[in-house]
Amino acid sequence: MKARVHITLKTGVLDPQGKAIGKALGTLGFEGVGEVRQGKLIEIELAETDPARAEASVRDMCEKLLANTVIEKYDVELVG
Amino acid sequence: MKAVVVVFPGTNRERDVAAAIVRAGGKAEFVWHDETALPRADLIVLPGGFAHGDYLRCGAMAARSAVIPEVIRRAGAGVPVLGICNGFQVLTETGLLPGALLRNAGLKFICRDVHLRVETVRSGFTQAYAQGQVLRVPVAHHDGNYFADADTIARLKDEDRVAFRYCDADGAITAAANPNGSLENIAGILNERRNVLGMMPHPENLTDPAQGGTDGLGLFRSLVETVA
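Quick mapping for you: the protein sequence lines, in order, are chains A and V. Numbering that gives the first Met the number 0 numbers the first residue of the first sequence as 0 and each following residue consecutively. Numbering that gives the first Met the number 0 numbers the first residue of the second sequence as 0 and each following residue consecutively.
Okay, chain A solo, but in the shape it has when bound (with noise of 0.2 Å):
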C-alpha cells in the first residue's frame, strides 16, 4: 500500500512562494488566477495492508516528523 501526503500551509500563514508563483502566472497572462499555495508532496510504500491501520500510521507520522504543525496542515490519502 502506498500512502501520499500533501503538506500545506495553513490559513493565514503567509506563502511567499505561492505569491511569487501567482505572480509569474499573471505575467504568462493566464488570467483568473486567484490566491496561490505551494506544497510538498510525500509519497510513502506501506508493508501495512489494513487501510484503517495504514492511515493512522502516516498520520503519526505527520505529527512526529512530516508536517510542523505550528505552520502547515497535511492530507493522507492512500492509493493502491
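Read the hints as simulated data drawn from the structure, not as lab findings. Misleading hints may appear alongside valid ones.
[As the list claims (entries may be wrong)] In the EDC-like style, the derived pairs of lysine to aspartate or glutamate whose C-alpha atoms are separated by at most 20 Å in a straight line are:
no.	chain 1	residue 1	chain 2	residue 2
1	A	K9	A	E62
2	A	K9	V	D142
3	A	K63	V	D53
4	A	K39	A	E62
5	A	K72	V	D148
6	A	K72	V	D142
7	V	K1	V	D41
8	A	K1	A	D59
9	A	K39	V	D142
10	A	K39	V	D53
11	A	K39	A	E54
12	A	K9	V	D150
13	A	K63	V	E69
14	V	K107	A	D14
15	A	K1	A	E44
Just so it is clear, the structure is predicted and the values come from calculations on it, not from any experiment.
With chain A fixed as given, assemble chain V onto it according to the hints.
For chain V alone, coordinates are given in the frame of chain A:
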C-alpha cells in the same frame, strides 16, 4: 564556563561560535549529533549552518537526532541552551521554543549586517547589554521569518520573552529595518524559564575587531559571567 557545541552534518558555524566563547573567557567542546549522552556542560549551543541539508524543513531532521532528547532534558534541568540561526530553527522544531521560521518574505537568502535592539536584559544571555542597546551583527539565512499565532506573540511580549528585535541604526523598530518579514521584527526569543534563547542573527561573527566589530561579544560575556 564550559560549553558543549552540538554538530550536525551540514553545520558550518560551530568553530565560529567556539571561538567566540573562548574570546569571552569560556571553553568549548564539540559533540556529534548521534551521541545520546552529553558531557558536563554549563551551556549547550546549537550552531548555525544547514543541518541535514535543511531537507523537509530547516531543522526538522536535526530536531529528531539522537542527541536531542538529552538537550531537552538538560534544558529542563535549567542548563542554558543557545540556538543560533539553524540552531533557532532546530529549537522551534523540538518545541523548546514556540513558533516557526518561515521562508524570508522577500524569498531571497540574506547575508549582511543588521541592527538589533536588546529588548530584555533579564536573561543569562543578555544581562551584559544595556536595555534598548543597539547592536550590529550579521544575518545569513533563507528561512528566518519568525511566525507564531497571535496568542503566542502576545504571550512572548507579556512575559518579556522577546530578546532581540530588528531595528534601524537608531534603534527604531520599522518595517524597513525588518530583513525577512518576521512578525513584530522578532529576531530572538526566550523560553518561559529564560534559559533557552533562539536567534537568527550571528552574534558569534562580530566578537573580534578583525571581524569588523565586537557587538556580539556581550552575549557570550553574559553567559560566562552568569554561568561561571
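Evaluation of the provided hints:
no., hint, verdict
1, K9(A) to E62(A), "holds (14 Å)"
2, K9(A) to D142(V), "holds (17 Å)"
3, K63(A) to D53(V), "holds (17 Å)"
4, K39(A) to E62(A), "holds (15 Å)"
5, K72(A) to D148(V), "holds (14 Å)"
6, K72(A) to D142(V), "holds (19 Å)"
7, K1(V) to D41(V), "holds (5 Å)"
8, K1(A) to D59(A), "holds (15 Å)"
9, K39(A) to D142(V), "holds (17 Å)"
10, K39(A) to D53(V), "holds (14 Å)"
11, K39(A) to E54(A), "holds (18 Å)"
12, K9(A) to D150(V), "holds (16 Å)"
13, K63(A) to E69(V), "holds (18 Å)"
14, K107(V) to D14(A), "holds (14 Å)"
15, K1(A) to E44(A), "holds (4 Å)"
Going through the hint list in order, the structure satisfies each hint without exception.
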